[in-house]
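Based on the sequences and whatever the hints tell you, model everything.
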Amino acid sequence: MAGLCWTQAGVRELFWVDDAQGKRLLNQTYPGGSGYSEQINNCRSVSTFSFPGANPADPNIQVDTVRIKQELEQGYTTQYPQMYGCANLTVIYAKIFYGYPIGISSRDVAGGLLVVMGSAPIDHTAADTTRNYLLQAAKARDLAQKQKAQQNKPAL
Amino acid sequence: MKHTRRLVVATSMLFVAAAVLMKAQDLPQNFGTAEGTNALAASAGFLDILDIKLGMPAEAALAVLKKNYPTSRITLSRTGDYESAWYTVERENPNHKWVYKIDVEPNGPGDKISVGLSLPPSKQVVHSVGRDTFFKEPVAVENILVSLRKKYG
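Residue numbers (this note's numbering), protein chains in the order written: chain A, 332 to 487; chain B, 5 to 157.
Among the hints, erroneous ones may be present.
[Stated by the list, open to error] Covered by chain A, per the in silico footprint, the following chain B stretches (three or more residues, Cβ under 8 Å):
hint: 1; region: 34-47
hint: 2; region: 80-87
hint: 3; region: 132-144
It should be emphasised that the hints constitute simulated quantities derived from the structure, not laboratory data.
For each residue, glycine too, the CB sits at the ideal point set by N, CA and C.
Right, here's the structure in full:
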């Protein structure tokens, strides 16, 4: 395990972080579990490692995301300033909720659990592939338009 | 046309910059290709949440979710028309929309699941899984920690 910390009241967080070769990164907390390493803090908000909730406004279908458009336009690693270090990681994140919402006051009893795992390498390579594909398609379209235009001559 | 050319030039420069960074990060040669995505997906399947594995094909993940959650509402989220990333499209082409996420919403208490999918034209595979649940009965924190450590190390 990379780290376990007590955070805000009623929640305990755990992280497992693997590098690009699948090697577990250990000791990602400060002494005494008082906080996470800079790497975890930088990467935890990256969309690949966050719980992507459903869109309550339109639960049936059709959700456009700024993130994906940005990935395609600018590339995966430009999403976040500290993204370069995160783009090689696979992260598992668990958050244990105490039983407060179900009327249990003991800190040793949980009422809920959130677990998220994400592979940035898979997300990254697929996004780059798509981007390259679209880039080539845009070039081909431009070339076709140009070639078509070259066949036309204005009546003067 | 001029605007498009500028876009292509700008993105080409970004592509070169990304390639340099990729080299600096010691990424595989086929990274950023369909083959590279398939290879990474094939090696990621040892991690799972409720049988949804990283790298699993999207169709297989959907089949597992339908089997495990027959009464829950399962929805597919789609991107906008991908051409809109490069051009202003007046009307979106439904064939240019990609499913990028599968959501499972329980009818009442239960697991809320969200499965993130990689983008095509590579074979679409699971790149992230999230599970949010409130227990029907309270569970000792120690039992959860033991189970998590046993499963994930």
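Those earlier numbered hints the structure runs against, lowest number first:
none
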